[in-house]
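> Residue numbers (this note's numbering), protein chains in the order written: chain E, 1 to 86; chain F, 1 to 230.
Derived from the structure by calculation, the hints contain no laboratory data. Where a beta carbon is used, it is the ideal one built from N, C-alpha and C, also for glycine. Some clues are possibly wrong.
Beta-carbon label-pair distances, calculated as ranges [as the list claims (entries may be wrong)]:
| hint | chain 1 | residue 1 | chain 2 | residue 2 | range |
| --- | --- | --- | --- | --- | --- |
| 1 | E | H29 | F | A193 | 41 to 47 Å |
| 2 | E | R5 | F | G173 | 52 to 58 Å |
| 3 | F | R70 | E | L31 | 45 to 51 Å |
| 4 | F | E160 | E | R5 | 43 to 49 Å |
| 5 | E | H29 | F | D38 | 53 to 59 Å |
| 6 | F | E158 | E | D26 | 31 to 37 Å |
| 7 | F | Q113 | E | H44 | 32 to 38 Å |
| 8 | F | G133 | E | P72 | 30 to 36 Å |
| 9 | E | A56 | F | A170 | 37 to 43 Å |
| 10 | F | W33 | E | K14 | 38 to 44 Å |
| 11 | F | R185 | E | S86 | 51 to 57 Å |
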Amino acid sequence: MSRYRVSVHIVPRKGILDPQGKAVADALHTLGFRDVEDARIGRHVVLDVAARTPDAAGDAVRQMCERLLANPVTEDYEIARVEGLS
Amino acid sequence: MKFGVVTFPGSNCDYDAFHAVADVLGEHAVYLWHKDHDLQGVDVVILPGGFSYGDYLRAGAIARFSPIMREVAAHARRGGPVLAVCNGFQIACEAGLLPGALLRNASLSFLGQFVRVRVENTDTMFTNRYAPGQILRIPIAHGEGRFTADEDTLNRLEGEGRVAFRYVNAAGGLDAESNPNGSQRAIAGIVSAEGNVMGLMPHPERAVESLVGSNDGLGIFQSMLARVSA
Chain E
1 MSRYRVSVHI
11 VPRKGILDPQ
21 GKAVADALHT
31 LGFRDVEDAR
41 IGRHVVLDVA
51 ARTPDAAGDA
61 VRQMCERLLA
71 NPVTEDYEIA
81 RVEGLS
Chain F
1 MKFGVVTFPG
11 SNCDYDAFHA
21 VADVLGEHAV
31 YLWHKDHDLQ
41 GVDVVILPGG
51 FSYGDYLRAG
61 AIARFSPIMR
71 EVAAHARRGG
81 PVLAVCNGFQ
91 IACEAGLLPG
101 ALLRNASLSF
111 LGQFVRVRVE
121 NTDTMFTNRY
131 APGQILRIPI
141 AHGEGRFTAD
151 EDTLNRLEGE
161 GRVAFRYVNA
171 AGGLDAESNP
181 NGSQRAIAGI
191 VSAEGNVMGL
201 MPHPERAVES
211 LVGSNDGLGI
221 FQSMLARVSA
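Chain F on its own, in the form it takes in the complex:
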């Protein structure tokens, strides 16, 4: 299976995503340059973390108009999988591939730390290798990760099973302290209506080897492999 990792000016998790796919998952990975109009026939697009365009104006607001994003949107419309991590999630929301927006953390602080998230729906192409309710330890690194949407959108996301991950405590419960950025309904990751685009603030590509503290993120890549190549 072929993964394409988009590099925007200011992306800084593209190498980690490439490493997760090529070296840990053992699949084919290529970099996709933001100015190109060619997805090189990839099966999956990864929008990686970073600070594209310096987060000027709003995080992701300028990257969404990069030339490659037209092809990424067309790929998504065809049902092609898109994994949007951190800044990638912000870009996907700005581009309308996912609903809502990611605003400044409620604490106003940049947060770089491990968090716990609970798998809320295992029936997606990104989470099918996890157990329902499984708790994952995955790092976050963001200043603008507070998921925000209007009440109708939040209700629809929950009603349609599109909340993929929620921030939880060690026991798997919800509380304000375990919601690092103040996201509405503790939402850490969502999928699109068609289920082929997932955005999440935690970095699964930084949690694919126990050497670095956790391999809990690997399941997302394995899930895509299981579903897309099936």
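This is chain E alone, in the form it adopts within the complex:
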């Protein structure tokens, strides 16, 4: 088994009101960043897992997202990165 560091992004699903994201987008507009069209605030989770391959590590984290890390009703997740650990 090797060790991998898996990063996963979890964000509110498009179309679901994200008041935090809206407040931040409004603040950015106030600061003059008028090109910001949308902001959504979610979570970034970093997991160190033991797995045989990088794909297996990613698959394991996908299962974790389905069962606990993300709410399937309101959130989308994306494996952002899988890196090997020595």
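Given the structure of chain E, go ahead and fit chain F onto it with the hints provided.
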């Protein structure tokens, strides 16, 4: 009738729920510890309010995997009544006992205040002691109470009469100002498809004595008593 109030780490309305059942309703109540696997033969399970597991990750997301929740889910599958209040509602949604999710209030503020809700369906085991359209004054205390579901689910809930309570103004009408957390379709409480699980964000257990400002919540407990012991 025997009520079981589940205590999760971080529950803080379990004593209020126990008091409502034991001292005001005059029925038998026991606490159920989150690590236990024994419902002690209770007729009704109450998932109380609070901040189970510090609301880490998402409100209710971790509590739903507590050992006792396996028994609570089995009880619900057998048709046993479950009253899920506030954090309990969040836990019930996370556990799939009820559809939808409860997201951060649209205002981003934690809200602790009396609200008005309208009884939308009196033909449930939780609302049969109320009059149709009756307006109740019951407190809320939550930061994440914005009921959210997809359009199909919302339509199904309404079509099947599963919306139990809606936030309304003093006249009983719907408007944005009276919807404290921005819930879709002003939904404050729903029941499961089989009708034996109810989740609501307002706290009926905090409105069971006029001494504290309202006893409008007592009807929920009386309704269960009338239906379950019948």
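> State for each hint whether it applies.
Evaluation of the provided hints:
Between H29 (chain E) and A193 (chain F) the beta carbon distance is about 43 Å. The supplied range of 41 to 47 Å therefore holds. Range check, R5 (chain E) to G173 (chain F): Cβ separation about 54 Å, and the 52 to 58 Å hint holds. In this structure the hint that R70 (chain F) and L31 (chain E) lie 45 to 51 Å apart at CB holds, the actual value being about 50 Å. Under the hint 43 to 49 Å, the C-beta atoms of E160 (chain F) and R5 (chain E), about 46 Å apart, fit the expected range.
With their beta carbons about 55 Å apart, H29 (chain E) and D38 (chain F) fall inside the hinted range of 53 to 59 Å. Checked against the hint of 31 to 37 Å, the C-beta distance between E158 (chain F) and D26 (chain E) comes to roughly 32 Å, which is consistent with it. At roughly 34 Å, the beta carbons of Q113 (chain F) and H44 (chain E) sit within the given window of 32 to 38 Å. Between G133 (chain F) and P72 (chain E) the beta carbons are some 35 Å apart, a value that agrees with the proposed interval 30 to 36 Å.
Here the CB-CB span from A56 (chain E) to A170 (chain F) is close to 59 Å, at odds with the stated 37 to 43 Å. Checking the proposed 38 to 44 Å range against W33 (chain F) and K14 (chain E) shows it holds: the Cβ atoms sit about 41 Å from each other. One distance hint, 51 to 57 Å for the beta-carbon pair R185 (chain F) and S86 (chain E), holds here, with the actual separation near 53 Å.
Checked against the numbered hints above, the structure violates only hint 9.
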